[in-house]
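S.K.: What follows is each chain in one-letter form.
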Amino acid sequence: MTHAAIGLVVIFGIVLLPVYLFLLAAFFGKPRAPGVAILMLGLPAGLLALSLAGMWLLGSALSLVVP
Amino acid sequence: MVRYGMAVDLDRCTGCTACVLACKMENNTPEGASWMWVFMHESERFPDVKIDALPRPCMHCDEPPCTYVCPVGARFSHEDGFVLTDFERCIGCRYCEVACPYGVNFFNWKRPEESAYFDFGKEASQLYGTGSVSEATGTDGLPNRNPDHAKKYDGRLVAGGGQFVGVMEKCTFCIHRVKKGLKPSCVQNCPMDALIFGDLDDPESDVSRALSRKKAWRLLEELGTEPKVFYLGGRPPGHDVRMLNTGKRV
Amino acid sequence: METEKLLKPIRETGIGFYAAAGALSVVALWMLAAWLYQLRNGLIVTGLRDWGVGYGAPWGVYIATFVWYIGIAHGGIAISAAIRLLRLEAYKPIARIAEVVTVISLMMAGANITFDIGRPDRIFNMIVNYWSRVGHSPLVWDVTVILIYMVLSISYLVISMRDDIAALRRRLPRLFAPLYALVLFGYHPEEREKREQMLWWLALALICLMTLLSGGVVPWLFGLMVSQAGWFSALQGPYFLIGALASAIAAIIVVVFLVRRVLGWEKEISAEVFSGLSKPLAVLLIAYLYLVLQEQLTILYAGPPAEQSISHALLFGHFAPLFWMVIGVMAVSVAYLGLQWLGALPPSVGRTAIAAAGVVAALWVKRVLIVVPTFLYPRLPYPTGIYVPTWVEWSLFLGTVALAVLLFMGFSKMFPLMEMEVRR
Numbered sequence: 001m002t003h004a005a006i007g008l009v010v011i012f013g014i015v016l017l018p019v020y021l022f023l024l025a026a027f028f029g030k031p032r033a034p035g036v037a038i039l040m041l042g043l044p045a046g047l048l049a050l051s052l053a054g055m056w057l058l059g060s061a062l063s064l065v066v067p
Numbered sequence: 001m002v003r004y005g006m007a008v009d010l011d012r013c014t015g016c017t018a019c020v021l022a023c024k025m026e027n028n029t030p031e032g033a034s035w036m037w038v039f040m041h042e043s044e045r046f047p048d049v050k051i052d053a054l055p056r057p058c059m060h061c062d063e064p065p066c067t068y069v070c071p072v073g074a075r076f077s078h079e080d081g082f083v084l085t086d087f088e089r090c091i092g093c094r095y096c097e098v099a100c101p102y103g104v105n106f107f108n109w110k111r112p113e114e115s116a117y118f119d120f121g122k123e124a125s126q127l128y129g130t131g132s133v134s135e136a137t138g139t140d141g142l143p144n145r146n147p148d149h150a151k152k153y154d155g156r157l158v159a160g161g162g163q164f165v166g167v168m169e170k171c172t173f174c175i176h177r178v179k180k181g182l183k184p185s186c187v188q189n190c191p192m193d194a195l196i197f198g199d200l201d202d203p204e205s206d207v208s209r210a211l212s213r214k215k216a217w218r219l220l221e222e223l224g225t226e227p228k229v230f231y232l233g234g235r236p237p238g239h240d241v242r243m244l245n246t247g248k249r250v
Numbered sequence: 001m002e003t004e005k006l007l008k009p010i011r012e013t014g015i016g017f018y019a020a021a022g023a024l025s026v027v028a029l030w031m032l033a034a035w036l037y038q039l040r041n042g043l044i045v046t047g048l049r050d051w052g053v054g055y056g057a058p059w060g061v062y063i064a065t066f067v068w069y070i071g072i073a074h075g076g077i078a079i080s081a082a083i084r085l086l087r088l089e090a091y092k093p094i095a096r097i098a099e100v101v102t103v104i105s106l107m108m109a110g111a112n113i114t115f116d117i118g119r120p121d122r123i124f125n126m127i128v129n130y131w132s133r134v135g136h137s138p139l140v141w142d143v144t145v146i147l148i149y150m151v152l153s154i155s156y157l158v159i160s161m162r163d164d165i166a167a168l169r170r171r172l173p174r175l176f177a178p179l180y181a182l183v184l185f186g187y188h189p190e191e192r193e194k195r196e197q198m199l200w201w202l203a204l205a206l207i208c209l210m211t212l213l214s215g216g217v218v219p220w221l222f223g224l225m226v227s228q229a230g231w232f233s234a235l236q237g238p239y240f241l242i243g244a245l246a247s248a249i250a251a252i253i254v255v256v257f258l259v260r261r262v263l264g265w266e267k268e269i270s271a272e273v274f275s276g277l278s279k280p281l282a283v284l285l286i287a288y289l290y291l292v293l294q295e296q297l298t299i300l301y302a303g304p305p306a307e308q309s310i311s312h313a314l315l316f317g318h319f320a321p322l323f324w325m326v327i328g329v330m331a332v333s334v335a336y337l338g339l340q341w342l343g344a345l346p347p348s349v350g351r352t353a354i355a356a357a358g359v360v361a362a363l364w365v366k367r368v369l370i371v372v373p374t375f376l377y378p379r380l381p382y383p384t385g386i387y388v389p390t391w392v393e394w395s396l397f398l399g400t401v402a403l404a405v406l407l408f409m410g411f412s413k414m415f416p417l418m419e420m421e422v423r424r
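Residue numbers (the working numbering), protein chains in the order written: chain W, 1 to 67; chain U, 1 to 250; chain S, 1 to 424.
Just chain W, with the same shape it has in the complex (with noise of 0.2 Å):
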């Protein structure tokens, strides 16, 4: 018997909730300003983004160090 992949409902379908919550308000909640929104939500993205660089960069430069 396989053990069923329960974390994908867990953490997309419950735990992550709040965000789509919250990426549903700034796009569709008034005042709609798709723009601002675009601006704001590129700091999250961005800091994702350099957050997963800075993990394999972090990694690369651990592997000069670790025997």
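The set of hints was computed from the structure by calculation and includes no laboratory data.
Only a predicted model underlies this, so the values are computations on that prediction, with no experimental measurement involved.
Backbone N, C-alpha and C define an ideal beta-carbon position, used for all residues, glycine too.
There's no promise every hint is true.
[Claimed, not checked] No farther apart than 25 Å at their CA atoms in a straight line, the calculated lysine to aspartate or glutamate pairs in the DMTMM-like style are these: (1) Lys180(U) x Glu44(U); (2) Lys183(U) x Glu204(U); (3) Lys30(W) x Glu268(S); (4) Lys183(U) x Asp62(U); (5) Lys30(W) x Glu2(S); (6) Lys5(S) x Glu272(S); (7) Lys24(U) x Glu44(U); (8) Lys215(U) x Glu226(U); (9) Lys179(U) x Asp48(U); (10) Lys30(W) x Asp163(S); (11) Lys24(U) x Glu114(U); (12) Lys30(W) x Glu272(S); (13) Lys151(U) x Glu113(U); (14) Lys413(S) x Glu268(S); (15) Lys413(S) x Asp164(S); (16) Lys30(W) x Glu266(S); (17) Lys30(W) x Glu89(S); (18) Lys413(S) x Glu295(S); (19) Lys30(W) x Glu191(S).
[Said to hold, decoys possible] Here are a few chain S residues that face chain U, going by a calculated C-beta distance under 10 Å: (20) Leu221; (21) Gln228; (22) Trp231.
Model the placement of chains U and S on the given structure of chain W, informed by the hints.
M.R.: Frame of chain W; chains U and S shown alone:
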């Protein structure tokens, strides 16, 4: 499709720990690590004192919590029933060790050269001159003393111990031997034939026939892990047993 | 406050700052050296060992510290959300300080996880294998939600600073001009209405996310494990959540107290802020003690043997001194804060801060008491384990505290620690 499992006949086991030593030699495990372990338990009061030996390899569970929690999929279930660790992918978070209720996991706390018993590359040539083990096996010594440990199975490096610092390892049911048609080293070396290995889904296998002869029980069955190591005879250890042996503090 | 006073920490740096920054930098550098030592030699340099045959604990100070920092990180958003969603204007003066504490704490939480893993050079494997593992591994859930929470918290902080930076730009140090340009990217005053609307929903999202992180994803790391006696419990979610909120509010009290004292902001940050925060803290501490009672009674009454061994060790055995110290500090704090609240004791900012500091420290010890004992008393009859952290673990843990303070001090040199609008 096979589903490997093991039966441990506790009516035959004398607690000699040949299996423990055989495993260590076969898998080149680091100092202080014992993938195969034998509990020696003393219980009850005089004149009914009992001493029980309980060999404990990895259970290679059919519902292995260690595989569920691994964040990178380094700990995984092989289709033949092995539960294995990919030493090249493991990030050493030790969550598998935390999730396992049996205590079968060993972490490489030290660098291989600090925790190995013998530097096959350097010391062998000093001791034996030419024809050192590394020359004989065509390897560069550490860590792949047993050349089978360098083999990958489905592209994953899963056999043999003590190869990288900071990664987890445990009993592999000697996949590198089984894939060659041999028995795991503990099974092969038991002088009492107390360890029986084979395909649980094959009614004619050694292990299936052993399980049909005697009633079997498993450790911590109530946790739902579906371990594939079955005990014949003996009894599950109580919580108040007295330990007669301990591991070596690394 | 007057703009001059607000900008003073940024424009003037005294000898005290340099001395403190110097000392903290030494501690942080020592932490890096210790980490390098650990990276080169492996985790053998810690007191961590395999449980069972190795009779040790594979998780210890680093993981406990990680949980501790995640807890503290909730103070920022708890206060910001209270201000924005519940319109509790009285706490506006401390909003930004609290948000900075959140951001820094999340980073330190990440640092402690990085210290704990055996092969940090392979950390990116979690991303490479993400989609095959997020369905199953609570650790991956952790990484997911903490990363999202961190980027959203940083965004919340930065976006809420835009008006202030725009107004103060010419009076801020030229050295950090590129930083201010980044903060003000695409800025125009007309964005305010939409921006505030978004910040409102973001505050709501963050408070919900925080509840599902501190009361969800983090406790699930432990609560879903049948393997470890004492961990496997549905109580872990609420238990961790209350603990997190308590340590968060306590930490904010301590930080705000220090900032207020060091910068001389007694007028701007009134004593009412402290008495106001001390009330939810007292309630949370009572709730936490109530949960400890639930947890321990449930086990001690007629619990399974492994669980009983752990509870005995906590209440009467090896861990009793630490356990009762934690309970004692929390109980004394509740008593003090409660009496202050009831008016039986005169309100005192200083003593409230001391009580809060005690709570923060006690909740660090409590996290160690959650993580470690279960490994030392396994379900199967292995020998009772031992765990003693080494100098490496202390150096790395305390190093992150020093680094956190350093980062906070750095922030105070670049950005105003209070919203300008507050003075109106």
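S.K.: Take the hints in turn and mark each one as holding or not.
M.R.: Now for the hints, and whether the structure bears them out:
For the hint pairing Lys180(U) with Glu44(U), the CA-to-CA distance comes to about 44 Å; that exceeds 25 Å, so the pair is violated. For the suggested pair Lys183(U) and Glu204(U), the alpha carbons sit about 16 Å apart, so the restraint of at most 25 Å is met. Distance hint between Lys30(W) and Glu268(S) is unfulfilled; the C-alpha atoms sit about 34 Å from each other, more than 25 Å. The hinted pair formed by Lys183(U) and Asp62(U) meets the criterion: a straight-line CA distance of about 20 Å does not exceed 25 Å.
Distance check on the hinted pair: Lys30(W) and Glu2(S) sit about 34 Å apart at the alpha-carbon level, beyond 25 Å; violated. For the proposed pair Lys5(S) and Glu272(S), the alpha carbon gap of about 21 Å is at most 25 Å, so the pair holds. For the given pair, Lys24(U) sits about 32 Å from Glu44(U) by alpha-carbon distance, which is inconsistent with the 25 Å threshold. Annotation: proposed proximity of Lys215(U) to Glu226(U) holds, straight-line Cα distance about 16 Å (limit 25 Å).
Simply put, Lys179(U) and Asp48(U) have alpha-carbon atoms about 45 Å apart, too far for the 25 Å limit, and the pair is violated. Between Lys30(W) and Asp163(S) the CA atoms are separated by roughly 20 Å; this keeps the pair inside 25 Å, and the hint holds. For the hint linking Lys24(U) to Glu114(U), the alpha-carbon distance of about 16 Å falls within 25 Å, and the restraint holds. For the hint linking Lys30(W) to Glu272(S), the alpha-carbon distance of about 35 Å lies beyond 25 Å, and the restraint is violated.
For the suggested pair Lys151(U) and Glu113(U), the alpha carbons sit about 20 Å apart, so the restraint of at most 25 Å is met. Between Lys413(S) and Glu268(S) the alpha-carbon distance is near 19 Å, which keeps this suggested pair within the 25 Å criterion. A C-alpha spacing of about 15 Å is found between Lys413(S) and Asp164(S), which places the hinted pair at or below 25 Å, so the restraint holds. This hinted pair does not check out: Lys30(W) and Glu266(S) have alpha carbons roughly 39 Å apart, beyond 25 Å.
Between Lys30(W) and Glu89(S) the CA atoms are separated by roughly 24 Å; this keeps the pair inside 25 Å, and the hint holds. Distance hint between Lys413(S) and Glu295(S) is unfulfilled; the C-alpha atoms sit about 45 Å from each other, more than 25 Å. About 13 Å separates the Cα atoms of Lys30(W) and Glu191(S), which keeps this hinted pair within 25 Å; it holds. Interface restraint check for Leu221(S): the shortest CB-CB distance to chain U comes to about 8 Å, inside 10 Å, so the restraint holds.
Evaluation of the Gln228(S) hint against chain U yields a held restraint, the C-beta minimum of about 7 Å falling below 10 Å. Checking Trp231(S) against chain U by beta carbon gives a least distance of about 9 Å; that is within 10 Å, so the hint holds.
Hint check: violations occur at hints 1, 3, 5, 7, 9, 12, 16, 18; the rest are consistent with the structure.
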